[in-house]
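Chemist: The residues making up each chain are set out below.
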Amino acid sequence: MTKPVIIVGASMGGLRAAEALRRFGYAGPITVIGEEHHAPYNRPPLSKEVLAAEVSHEAVAFPQRESTADVNWVLGTRVESADLEHGTVTDSEGETHAYGTLIIATGLRPKRLEVQNAELIGRHAVRTLDDAIGLRKDLKPGARVVVLGAGFIGCEVAATARKLGCEVTVVAPGSHPITRPLGVELAKELQRRHEAMGVKFVMKTSVTDLVGTTAVEGVVLDSGEIILCDVLVEAIGSHTNTEWLEGNDLELSNGVLTDNDMRAVKTSGEAWPNVFAIGDVARFANPLFDDEARRVEHWNIPTDTAKRVAQVFAGQTQGPFAPIPSFWSDQYDIHILAYGLLALADEVKLVAGDIQGECVFGYYREGKMVGVCGIGMRTTVMGYRKEFELK
Amino acid sequence: MTIKIEVDMTKCQHYGQCVFEAPDIFRLNADDKLEYTAEADDSELANVEAAIDVCPMQAIFIVK
Numbered sequence: 001m002t003k004p005v006i007i008v009g010a011s012m013g014g015l016r017a018a019e020a021l022r023r024f025g026y027a028g029p030i031t032v033i034g035e036e037h038h039a040p041y042n043r044p045p046l047s048k049e050v051l052a053a054e055v056s057h058e059a060v061a062f063p064q065r066e067s068t069a070d071v072n073w074v075l076g077t078r079v080e081s082a083d084l085e086h087g088t089v090t091d092s093e094g095e096t097h098a099y100g101t102l103i104i105a106t107g108l109r110p111k112r113l114e115v116q117n118a119e120l121i122g123r124h125a126v127r128t129l130d131d132a133i134g135l136r137k138d139l140k141p142g143a144r145v146v147v148l149g150a151g152f153i154g155c156e157v158a159a160t161a162r163k164l165g166c167e168v169t170v171v172a173p174g175s176h177p178i179t180r181p182l183g184v185e186l187a188k189e190l191q192r193r194h195e196a197m198g199v200k201f202v203m204k205t206s207v208t209d210l211v212g213t214t215a216v217e218g219v220v221l222d223s224g225e226i227i228l229c230d231v232l233v234e235a236i237g238s239h240t241n242t243e244w245l246e247g248n249d250l251e252l253s254n255g256v257l258t259d260n261d262m263r264a265v266k267t268s269g270e271a272w273p274n275v276f277a278i279g280d281v282a283r284f285a286n287p288l289f290d291d292e293a294r295r296v297e298h299w300n301i302p303t304d305t306a307k308r309v310a311q312v313f314a315g316q317t318q319g320p321f322a323p324i325p326s327f328w329s330d331q332y333d334i335h336i337l338a339y340g341l342l343a344l345a346d347e348v349k350l351v352a353g354d355i356q357g358e359c360v361f362g363y364y365r366e367g368k369m370v371g372v373c374g375i376g377m378r379t380t381v382m383g384y385r386k387e388f389e390l391k
Numbered sequence: 001m002t003i004k005i006e007v008d009m010t011k012c013q014h015y016g017q018c019v020f021e022a023p024d025i026f027r028l029n030a031d032d033k034l035e036y037t038a039e040a041d042d043s044e045l046a047n048v049e050a051a052i053d054v055c056p057m058q059a060i061f062i063v064k
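Chains as they are written, first to last, in the working numbering: chain A, 1 to 391; chain B, 1 to 64.
Bound conformation, chain A alone (with noise of 0.2 Å):
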């Protein structure tokens, strides 16, 4: 019998690489194992409409398709270790399953903030649609809300929870909500479009401890002083899911190091010839930019990452794999659209457009476009993304 695909993740990145498989002609069986018992869903309307109103798995849930119609889905299973020498993976209910090509999209974990009173009762992370469900419920009208981070996620819950009705105040270490990537100047119009919507920024602030005895009641900061609340969410950031990967001979600093063709590379540097990362968690270098290896934790990259393994294990690969990075964000009517790796840039300017309305910004890194990210705009922004073609 013929030893399946086995892919190690049940979202988007392994929906997406069973597809893809089958689009390139691959036939055999694929085993798809994932913790979620949900169906692969989409992610980003979990800050948002999920958030904002009654919206079910089925109104989030990708459709199937008919060539993934005999894919085997392993749900509510996770896989606790690899053994990448033998070939074989092992879940929670302690079964084994051999595989002749693995693919591993086991993607990202919210942090927690770490405290000593954890054990609370109305903290909240958004990262799967039972972590959304769960604070739905919590985001009432005139509900006093923390949210701890403001980055795209901290910033997508504050206006959705805002809109909702309740007081919101977002406590982060930088300076400005989401100044990585956006850059300094389009921050504090972010924030102040936040600020004339009613929610507060306490910034260049750090959570020490909480209070409350079952739920929790407030937030101590590093300054010694206390916010009350009835809701905190932690959008701090996030863990790659590799622990179950420990033991082999994988680079595993920050997610998992692939080469160009997303293979997972051996601490030698030589890479598996059977074993693939997509998505959140692989490390890659984008020859779009420069041969630095990377996380991209956009949503385009689960798609093209499983297609680039696709064509691989096709043999149709044409060219390097150098996807064009994309992302968005939707904060009130406030619609950002960009391309490109704006973090990487040392210069900032304002290419078109008025700051205070919409505008779009370009992100240069020696003088040469690394990204573009326009608020509203979007003829002008998608006009800039062929700056970031392979050429």
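Everything labelled a hint here was simulated from the structure, so no lab data went into it. Even for Gly, the Cβ is constructed at its ideal location relative to N, Cα and C. There may be inaccurate statements among the hints.
Said to hold, decoys possible - Ranges of calculated distance between the beta carbons of each label pair, as one might list FRET restraints:
#1 Glu-35(B) - Gly-25(A): 30 to 38 Å
#2 Asp-130(A) - Ile-62(B): 27 to 35 Å
#3 Ala-118(A) - Asp-42(B): 55 to 63 Å
#4 Asp-24(B) - Leu-390(A): 21 to 29 Å
#5 Arg-27(B) - Ala-352(A): 14 to 22 Å
#6 Glu-270(A) - Glu-35(B): 47 to 55 Å
#7 His-239(A) - Thr-37(B): 55 to 63 Å
Once you've looked at the hints, dock chain B against the given chain A.
Modeler: Leaving out everything else, chain B in the frame of chain A:
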């Protein structure tokens, strides 16, 4: 044979990602709003599926 395409305009935020995947089907007009051709030849299926995949709002559907 043809395929029928539908965009849920209550979901669409006009991000225009579909335009890169299926330029003969999707476009942004002068006001940066999405416009699309609702019926296309079968040969567009792969492009439209790619557009479905990249739609941030998951607002594009092929109608059976």
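Chemist: Now tell me if each hint is right for this structure.
Modeler: Hint check:
1. Glu-35(B) - Gly-25(A): 30 to 38 Å: 34 Å, holds
2. Asp-130(A) - Ile-62(B): 27 to 35 Å: 30 Å, holds
3. Ala-118(A) - Asp-42(B): 55 to 63 Å: This hint holds: roughly 56 Å between Cβ atoms.
4. Asp-24(B) - Leu-390(A): 21 to 29 Å: Once the Cβ atoms are compared, 23 Å apart, the range 21 to 29 Å for Leu-390(A) and Asp-24(B) holds.
5. Arg-27(B) - Ala-352(A): 14 to 22 Å: Because 20 Å falls inside the window, the suggested range holds.
6. Glu-270(A) - Glu-35(B): 47 to 55 Å: 50 Å, holds
7. His-239(A) - Thr-37(B): 55 to 63 Å: Violated, at about 44 Å.
In this structure, only the earlier hint numbered 7 is contradicted, and the remaining ones agree with it.
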